[in-house]
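Q: Each protein sequence line maps, in turn, to chains C and D.
Using numbering that gives the first Met the number 0, you'd call the opening residue of the first sequence number 0 and step up by one each time.
Using numbering that gives the first Met the number 0, you'd call the opening residue of the second sequence number 0 and step up by one each time.
Just so you know, the hints here were simulated from the structure itself, not pulled from any lab data.
Treat the hints loosely; a few may be bogus.
[What the hints assert, rightly or not] Here chain C is said to cover these stretches of chain D; the calculated rule only asks that three of the stretch's residues, wherever they fall, bring their Cβ under 8 Å from a Cβ of chain C:
id	stretch
1	57-67
2	260-273
[As the list claims (entries may be wrong)] List of simulated lysine-lysine pairs, BS3-like, C-alpha gap at most 27 Å:
id	chain 1	residue 1	chain 2	residue 2
3	D	Lys-251	C	Lys-23
4	C	Lys-295	C	Lys-108
5	D	Lys-4	D	Lys-105
6	D	Lys-170	C	Lys-295
7	C	Lys-299	D	Lys-105
8	D	Lys-273	C	Lys-23
9	D	Lys-182	C	Lys-108
10	C	Lys-109	D	Lys-273
11	C	Lys-108	C	Lys-299
12	C	Lys-117	D	Lys-273
13	D	Lys-105	C	Lys-295
[Stated by the list, open to error] Calculated Cβ distances over 10 Å to all of chain D for the following chain C residues:
id	residue
14	Leu-150
15	Tyr-194
16	Leu-244
Even for Gly, the Cβ is constructed at its ideal location relative to N, Cα and C.
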Amino acid sequence: MSKTTTQVQGGQMRSIRFNEGLFKWLMTNSAVLLILLLGGILITLLIGSWPVMKHSGFGFLYGSNWDANAEKFGSLPFLVGTVLTAFMALIISFPFSISLALLLGEFYKKGIIADIFKNIIELMAGVPSVIYGFGALYFLTPRIASLESSLGMPAYGVGILSAAIVLAIMVVPYWTSVAREVITLTPNDIREAAYSLGATRFEVIRYTILPYTRAGIIAGMLLSLGRALGETMAVTMVIGNANELPKNIIFSPSNTLASVIANGFTEAGSSLHLSALIGEGLILFLLSTVLNILGKQIIKRMGAK
Amino acid sequence: MKEQKRTLNARIISDFIFNGLVLLISAACAVPLILILYFIVSKGLSSISWTFLTNIPKPVGETGGGILNAIIGSLILVVMASVIAIPIAVIIGVYIAENRNTRVAKLARFSAEILQGVPSIVIGIIGYIWVVRTFGGFSAISGSIALAIMMLPVIVRTTEETVSLIPGSIKEAALALGVPYYKTMLSIIIPSGFSGIMTGIIISVARVAGETAPLLLTSFGNPFISTDPTKPIASLPQLIFNYAMSPYQSWKDQAWGAAFVLLTWILLISLLSKFLTRRWKIQF
Chain C
0 MSKTTTQVQG GQMRSIRFNE GLFKWLMTNS AVLLILLLGG ILITLLIGSW PVMKHSGFGF
60 LYGSNWDANA EKFGSLPFLV GTVLTAFMAL IISFPFSISL ALLLGEFYKK GIIADIFKNI
120 IELMAGVPSV IYGFGALYFL TPRIASLESS LGMPAYGVGI LSAAIVLAIM VVPYWTSVAR
180 EVITLTPNDI REAAYSLGAT RFEVIRYTIL PYTRAGIIAG MLLSLGRALG ETMAVTMVIG
240 NANELPKNII FSPSNTLASV IANGFTEAGS SLHLSALIGE GLILFLLSTV LNILGKQIIK
300 RMGAK
Chain D
0 MKEQKRTLNA RIISDFIFNG LVLLISAACA VPLILILYFI VSKGLSSISW TFLTNIPKPV
60 GETGGGILNA IIGSLILVVM ASVIAIPIAV IIGVYIAENR NTRVAKLARF SAEILQGVPS
120 IVIGIIGYIW VVRTFGGFSA ISGSIALAIM MLPVIVRTTE ETVSLIPGSI KEAALALGVP
180 YYKTMLSIII PSGFSGIMTG IIISVARVAG ETAPLLLTSF GNPFISTDPT KPIASLPQLI
240 FNYAMSPYQS WKDQAWGAAF VLLTWILLIS LLSKFLTRRW KIQF
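Looking at chain C on its own, in the form it has when it is part of the complex:
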C-alpha cells in the first residue's frame, strides 16, 4: 500500500532509462574500441620498431645484410623472399583458381558437381596452415630435393619453390571465392546476347565474361597476394630459414617477412634484434593492409556498376 502504481512505474522507468543509456554507451564504445584496436596495432608496431629505425635508418628497408650478432639489420633478403614466394604462388594458382571460379560461377551453379566442388574448396580453406606445412614437409620437399639433385644442384628440398607450391594450394580457395563472385556479377543480358548470336560457351567466357570480370579477377589476385604475404606457418616449415639473398630465385632456401619473425622472435638475444623483427611485422602489416584496401575498393566499384 505504501507505493502507488505510478511510483512503481517511475522506478521501473528510471531503471529502464539507466539500462538504455548503459546499452547505448556500450554499443558506441565497443565500436570505438574496434577502431582504437586497429590504431593501437599500428602505433604499437611503430613504437616497437623505432629502435631499429634509429639504429639502421633507411638501411633497414634496403640493406641486404642480416646478422643479429653483428647488429646488422637489413630486410632486403626477406622482402625478396616474400615477393618471390608470393608471386610464384600466384602464378601457379592462377589457372586452378580461375577454372574453379568458372566451374562454380558459370558451368555448374547448382547440382551435385557444384556441391562436390564447393565442399572441396571449403575443406581446403579449413585445413590449418600448420597441417599444410607438415604435409609439404613430408611429401613435397623430398620430391623437390630429388628434382634438385637431378638438375645437379644441392638438394635442399626446402626453399622458395616448395614454399610457393604450398602457398599456391592455400591461396586457391580464397582467389576462387572472389573470382566466382565477380563472374556471377556479369549481367545476364550480355551473356544471353552472346549465346543468342550463336557463340559457344568458350566464346562467351572468352569474349564477354573474362573481359567483364578482368578487374575483379585482378582484385582477387591482390587480396590473395595479401594473404600469401602474411601466411606464416606452412611457409616457415618449408622455406629453409636462410637469412641471405637467394642465389637461385627458384630453388634457394630463403626466409619471408613472416617466417623470419616466427623463426627468430622467441630466440631474439637483444632488444635491438626484437625491434628489428617487430619492424618486419610493421612492413608486413602495411603491405597486407594496402593490398587489402586496394582489392576491396576495386570489387566495391565493380559491384556498384
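Mind docking chain D on chain C? Use the hints.
A: Structure of chain D alone, referenced to chain C:
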C-alpha cells in the same frame, strides 16, 4: 559453305577442349587435399590410442607419450578467446548494422575489414608486446587475447550482415509496443539473427582453433598439463609444429596423430555450423 563448316567444327572442338580443361584443372585442385587427408588418416589413425589421448608427452625414446596437455590447452585457449571476443563482437556488429551511416560505424566496419586481413603473426607480435611484455612472461591469457583479436572481425561482419537483413518492421513493432531499445536488441533482434550470428561465431572458432603463428609468440607451449591462465600453455597446432620440425621419427608419427585430432575437431565444428544454419534458420 565448306569453309564455314570447317570453322564451325573448329569452334565446337575448341569449346569442347575448353570445357574439358576447366573440369580437369578444377578436379586437379582436389589432389593435394586428398593427399593430405590420406596422410592424416593413414598415418594419424595408427598412432591414435587411448594412451595417446590421455597422457602427456614423454621424452624421446620412451613409449606411451600422448598429447593430453595440448588438447586441454587448445580447449582452454579457444574457450577463453571466445569469452573475450563474442560479446564485444556481437555488440559491435549490431551497432554497425543499426547506425549504418554514422562516422563511427563506417570507421568500425572499415577497421574490421582491415583487421581481418592482418597476418596472424603480426597479431602474435601485438599479443607479445601488449600482454607478454606487460606481465613479464608467456601466458595462456596472452594467447587467447591474440586469438580473440583474430575472432573479432569475423563475428562483427557476420553479425552486421545478419542483423541488417532482419526487416525493420520487427524492430518497429517491438518499439511501438513500448519495449525499450536495449530489450528490443537483446531479446528480439539478436535472437532473430541467431543462426547467422552463431554461424559467424563457429566459423571464427574453427579458424582460430588451427592457428599457430600467434601462439608461438604468446602462449609458448608447455610439456605439462596447465590450467593456469598466467602460465605458458600447450596447444595442438603448436605441438604439431614442434613435432613435425623435430628430427625424431616417433615425434613425427605423433604429429600425424595430433593432426588427425585437430582436423577432426575443426571438421566437427564446421559440420555443427551447417547443422545450426539449417535448423535455426528464420525466414523473413
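Q: All hints, please: hold or fail.
A: To see whether the hints hold, each was checked on the structure:
1. 57-67: The restraint on the stretch 57-67 of chain D is violated, since only 0 of its residues have a Cβ under 8 Å from chain C and three are required.
2. 260-273: Answer holds; 5 residues pass the 8 Å Cβ test.
3. D/Lys-251 <-> C/Lys-23: 53 Å, violated
4. C/Lys-295 <-> C/Lys-108: Within the cut-off at roughly 24 Å; holds.
5. D/Lys-4 <-> D/Lys-105: Violated - the C-alpha atoms of D/Lys-105 and D/Lys-4 are around 58 Å apart, more than 27 Å.
6. D/Lys-170 <-> C/Lys-295: Distance of about 31 Å is beyond 27 Å: violated.
7. C/Lys-299 <-> D/Lys-105: Satisfied, since the Cα-Cα distance of roughly 15 Å is no more than 27 Å.
8. D/Lys-273 <-> C/Lys-23: 33 Å, violated
9. D/Lys-182 <-> C/Lys-108: 41 Å, violated
10. C/Lys-109 <-> D/Lys-273: 18 Å, holds
11. C/Lys-108 <-> C/Lys-299: Roughly 23 Å between the alpha carbons, so the hint for C/Lys-108 and C/Lys-299 holds.
12. C/Lys-117 <-> D/Lys-273: 13 Å, holds
13. D/Lys-105 <-> C/Lys-295: 15 Å, holds
14. Leu-150: 23 Å, holds
15. Tyr-194: The claim holds: C/Tyr-194 sits with its nearest Cβ about 12 Å from chain D, beyond 10 Å.
16. Leu-244: Non-interface label stands for C/Leu-244: nearest chain D Cβ at 22 Å, farther than 10 Å.
Checked against the numbered hints given earlier, the structure breaks hints 1, 3, 5, 6, 8 and 9 and satisfies all the rest.
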